[in-house]
Structures are given as structure tokens and as C-alpha cells.
Amino acid sequence: MSDDGGLLNVMLRGGDPATAAGWEDHPPRMGFFTDTSVCIGCKACEVACKEWNGVPEDGLDWTGMSHDNSGGLGADTWRHVAFIEQRAPIGSHQSNFQREDDSFRWLMSSDVCKHCTHAACLDVCPTGAIFRTEFGTVVVQADVCNGCGYCVPACPYGVLDKREDDGRIFKCTLCYDRLEVGQEPACAKACPTDSIQFGELEGLRERAGGRVQQLHEAGVTEARLYGHDASNGVGGDGAFFLLLDEPEVYGLPPDPVVTTRDLPAMWRRVGVAAGAMLAGAVASFVASAGR
Amino acid sequence: MSPRRDHPGASYYGKPVINPPVWEEREIAGYLFLGGLAGSSSILAAGADLTGRHRLARRSRLCASGAIGLSLLALIKDLGRPLRFINMLRTFKITSPMSVGTWIVSAYASMNFAATGSELTGVLPLVGRAAGVGAGLTGAGVATYTAALIADTAVPAWHEGYREMPFLFAGSASSAGAGFGLVAAPLAENAPAQRMAVAGAVVELAAEQLLERRLGMVAETMHEGTAGRRLRAAKALTALGAVGAATLGRRNRLAAAASGAALVAGSALTRFGIFAAGMTSARDPKYTVEPQRRRLEQSGAAQVPA
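These protein sequences, in sequence, are chains A and B.
Residues in the first sequence are numbered from 2 upward in steps of one, following our numbering.
Residues in the second sequence are numbered from 31 upward in steps of one, following our numbering.
Isolated chain A, as found in the complex:
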């Protein structure tokens, strides 16, 4: 039986993940609320993350994807700012650039590890390198990881990846070291518009609900929360978002599900298939008796 909460997380739907992982007397669950409606695409989060965590450069490439030149989350990109250019009006807002016949809006969103309640990466990690912290976050221990790569395709959000020249897997730690000394994560600290808000998850969810209502009243009816719901396929995300379009427009899955939800059914079928294989072999020998 594992002691990192993987199994318990699968079995105990809902509830506090740190408690489920065996932490006693732990601090409240901490997380991010990223309000993309006030993101200005400055990438201060990407830079602060790299500086604080010593994350190597992720390729000096021009991607042709608007102002995005880091492409997506990976081993060397723990915060990724997406840029989406659309021929669409910006709610009821009138900008100097906007004409009736030529409306334009620029969506920007800083993506990050979701620190899922039911984290597939943690469940499938065969070495126990990935564990649940007392803050309810999910962290890869670099001194244990052997680079098997199982967590990479297990993550429904495409967060983890292998650092090729190192061989191990890396991702956002929600600045575990800073949390332990009462500091907020580097990205939230650096965000100049408070698009990235850090705090107790409960409080963030309440605040986000209020913000959506405020935007709806202001005529931005396309505003919606993503990942806040504890009944979603990953039991609720520790890092959730306010988006202005469908999740897939930002490169996010519309209905992610923790793959280990179906693992009990998989094991049952593996058991039946293995039994059938043995039974088939026995039958082959019995039918061949004397031949």
C-alpha cells in the first residue's frame, strides 16, 4: 500500500487531498486563481518562475503564435502565457482600436500545473517521486525521479515533460519552498495586475464566483470559471481559471478526467484476460492429450 495518498485519492472522492495523503494537522489547501480577464500578457510570471526556480531556458524560438514564444507547459516552462487573437468585440468595452466593422480582441492567459485533487501523475508514478504536500499541492522530487516518463501522458492537461538533457521530469511546485516559509509563489508575487491570485483555495473559489458575477453584470457574458468545480473529472483543480472563451481555445481540455478513475475496471479486465490466457493454454494441452 502506498503512503503518498495516491490510492486514497482515487478512493476518497472529494475531501481534502492533504488529509487523504496522511498529513495530520496540516495548513489549509493553497492554490491559484488565474483571472485571465485582467492578464496583460507581460510574462512577468514566466520570468519570475524561471528566476526563482532556476528553470533553464526553453528555446529562443519565434513560433508565429501571436506573442507566445514558449509554446506550452513543459519541463522548462512552468508558467506559460497563451496569446489568442480574435475578431471579436471585448465585451461592452470600447477601445480606440476598435471599429464597428473591425472588432478585435486579444485573449491572454497564464497557464500552470492544476495541482489536481485526484492527480493522475501522482497516482501512476512508480517510484513515489511525485507526492502530495501538506498544502495539498503536487510536487516531483528530483532526487527520486528516474525519468520513466509515465506521468507525462497520464496528465490530462499536458503539464509534465521530460528535460531531455537531464532525463528527469519537471513541473510547477507551486513554489513549495516559498510556501513553507509563508511566502507566496514567485509568479503571483510578480504579477502586476493580480491576474494570478494565490491563497487558500476555499477563499479563492468564493472570490472567483464574485468576479464572474461582476463581469456578467458588466456585459462580459462569456466569462466562465474553469477547474473550480470539486465535482469535475479531477475532483477540482488547485489552480483554476476565469476564461473568456471555450477551454480548448486556450489549449485546455474541455472535460478532463483523471485516468486512474477507470483503473479498477482495467485491473479487473486484466485479471480476466490473464485468467483466460491460462485457461486457453490448459485447454490447448488437454485437447492435445495423446497427440
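Simulated from the structure, these hints should not be mistaken for lab results.
Watch out, some of these pointers could steer you wrong.
Said to hold, decoys possible - Taking lysine to any residue pairs in the SDA-like style, the calculated list, with each CA pair at most 25 Å apart, reads:
| hint | chain 1 | residue 1 | chain 2 | residue 2 |
| --- | --- | --- | --- | --- |
| 1 | B | Lys45 | A | Ile41 |
| 2 | B | Lys316 | A | Thr64 |
| 3 | B | Lys45 | A | Asn233 |
| 4 | B | Lys45 | A | Gly168 |
| 5 | B | Lys316 | A | Met66 |
| 6 | B | Lys45 | A | Asp62 |
| 7 | B | Lys45 | A | Leu61 |
| 8 | A | Lys190 | A | Pro28 |
| 9 | B | Lys316 | A | Arg88 |
| 10 | B | Lys45 | A | His68 |
| 11 | B | Lys45 | A | Glu58 |
| 12 | B | Lys45 | A | Asp59 |
| 13 | B | Lys45 | A | Phe84 |
| 14 | B | Lys45 | A | Leu226 |
| 15 | B | Lys316 | A | His68 |
| 16 | B | Lys45 | A | Pro57 |
| 17 | B | Lys316 | A | Trp107 |
| 18 | B | Lys107 | A | Glu165 |
| 19 | B | Lys45 | A | Asp166 |
| 20 | B | Lys316 | A | Gly65 |
| 21 | B | Lys316 | A | Gly72 |
| 22 | B | Lys45 | A | Gln87 |
| 23 | B | Lys107 | A | Asp144 |
| 24 | B | Lys45 | A | Ala89 |
| 25 | A | Lys51 | B | Arg111 |
| 26 | B | Lys316 | A | Asn70 |
Dock chain B against the given chain A, drawing on the hints supplied.
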């Protein structure tokens, strides 16, 4: 007012939603095949040993040891930090098919190597025979757990097929191990291999049909490109090998060997085809987004506040 979609197919510049597996095809698809070949060869070897078919037993056991030995090398080589392979053994997690598989394969490989060593040296024959039976029993686990290994990911073509994949792998492994038995054993000893080969091939082909039906639009990844070519060739070879084994497998040594070789090749192509289909389904965001979007619409939870 609802904003217009300016990204066709609603993706982020066509980038994948999930990060595709970082596993090397030669090592990991190769292991899916070799693990199956090893596991079912051990089952055949144990049965042959207990029923006095000594040449079939010895050759299948050697095949199993060779295949699992190569598998271990491939699995360790594919790690980002090969010297840390031992970290696999610092815990046991039922939620991780790779962890469960590590322990099954470790137990299996030890017993199989012990049985092979005893077979070759004549030392401790009773212990060797018991180890051979143990290898046969755990061999069924080695051949099938790999279905859960790949299905327990967010890769659409693998995860959505989790119901059929264990049977597909069991059938494919059986036809590979029995196919090798037909290549290696004389006509006088190959009757069980012949039956196992035909049964395995039938299960493999049937499970693959069911899998394709289950996958819906994601089944495209099994029909197109590299995966499509491999899986079409696999089906043809498996069908040909099964018919050959059923009709001539007990009459003609050469025909039995050719049928067996076709089955082994068919099994290998099946695994490499499934691997390639998974990679395609991971790289193209539509295979992640469209089934999820449909699921949301069916559950009535489609939200767009308008």
C-alpha cells in the same frame, strides 16, 4: 454577444492538449511485444514440460528468457536516468500499472531465468520445474498488465480502449508465443502450440474489431498513416498464420514454421501499430477535445453562458 471562433477546430494553434509520451518506440513498443512473447512462451513451456514435450519446453523457455532479458534492457535504457531503475523497487503502488508491472516482471524474470538455468545445466531439476510453472503463471500477468500500463494514461487511443486492450494483448501474446512454438518445435510436439496459436489469433482479431468500434472517431488513428499500415499488415499476417496453422500446422514442418513466423510478426506489428496510433491521438488535439466536447454535450453540461 458570443465571440467568434477564430481558431478552426477550436484548438490552440493546433498544439496538443496533452503532452505526448516521451517513450521511444523501439524500446517501449518493442517491450509490449517481447513481454507478451515471453509471458506466453513461459506458459507454453510449463505445459510442455508437464506433458513430456521436452523440445518444445526447452526452446520456449529459452525464447522466454531471451525476450524478457531484452525487455529488461529496453525498459532500463528508456529511463531518463537508467542507473536509478532500482528506484522502481522502493515502493509498491496499485494505482500505478508500472509499479505493479515492475514487481510482476521481477518475480517472473527471476523464476524464468532459474528455470532456464536449471534446464541448461541440469542442476536442481525439481526446483527448476517448479520455477518454470511459476514463470508460466506469472507470465500471464506479464503479457496482459501492459494493456493497463498504456490505457492508464490520457492518450485517447489507449485510454478509451481500456475495456478491450487486455483481451487484445492476451490474444496477441498467445499467438506470438504459440507462433514461436510452431517455428521451434517438431511436428510430434506442436499440437498444443497449434491450438493455442489459432485461439490466440482469433481473440486478437476479434478484440481489435471491438476496440476500433469503441474508439469512435479516435479509431481514425488506427486506420491512417503508419499505424494504419502496420495494423493492416498485422491483421493479414495473423489471419494467414492462423489459417496456415489450423490447416497445415500438424502435417508439414515447413508450413507450421511459416505460419508460426507469420503469427509472431503479426503480433509485433499489432503492438507497434497500437503504439503509433496512440502517439497520433496524443499529438492531434482534436482527438482529445472532440470526444470530451461530445461527452459534455451528452451530459447536458455544455455551458457557454450566452
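ask   = Can you give the numbers of the hints that this structure goes against, from lowest to highest?
value = Failing hints: none at all.
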